[in-house]
Amino acid sequence: NGGHQGMQAAEYLAEAGSTLEIVSPERFFAPEMGGLNHVPYAEIFQRHGVRITINRRLIGARREGNQLAAIIGSDYIDIQEERLVDQIVVEHGTLPLDEIYFELKPASSNGGEVDYRALIHGQAQAVQRNPQGQYQLYRLGDAVSSRNIHAAIYDALRLCKDI
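Numbering (my numbering), first residue to last: 403 to 565.
No incorrect hints appear here.
Estimated spans, in silico, between C-beta atoms of each pair:
#1 G419 x V492: 17 to 23 Å
#2 Q530 x T455: 48 to 54 Å
#3 A526 x G419: 52 to 58 Å
#4 A509 x R453: 49 to 55 Å
#5 G524 x Q407: 28 to 34 Å
#6 Y537 x D480: 50 to 56 Å
Quick caveat, the hints were computed from the structure, so don't treat them as lab data.
We put the beta carbon where it would ideally sit given N, CA and C, even for glycine.
Working from the sequences, and respecting the hints, build out all of it.
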């Protein structure tokens with residue numbers, strides 16, 4: 403994912419004394435974070451000797467005695483490397499937290515529907531699917547997918563600015 407959740411987990415492990423390698427298929431380290439947030443993580447990781455490997459990804463793992471063999475590959479060439487490790491932590495986003503959305507959807511006036519034409523043109527949402535609906539309901543942020551707070555704020559701004 404390349405966001406704070408993975409970097410915070412790595413920071414926690416590094417501060418706890420674990421030997422750590424961050425492997426990412428991205429072309430640079432932590433692409434979802436801005437430059438100002440990058441610096442503190444880079445300092446911590448350098449202080450603790452964290453190895454950063456880019457343009458590679460974990461493609462498999464298997465038991466090897468008391469350890470795990472992490473199999474690391476590339477999207478660019480047919481290559482595989484193995485590293486014997488004590489643990490593997492995978493940060494690959496989160497599942498949507500959409501239970502509340504689906505509980506509220508039947509009592510909403512719009513059935514959770516977005517009028518994308520109105521959204522694109524900066525107009526108020528006017529979808530009416532349930533005349534007895536008590537409110538308009540929209541799914542945004544982590545109710546949709548693994549996203550950062552800024553994406554959720556912008557979703558809400560676009561949907562609610564004309565209310």
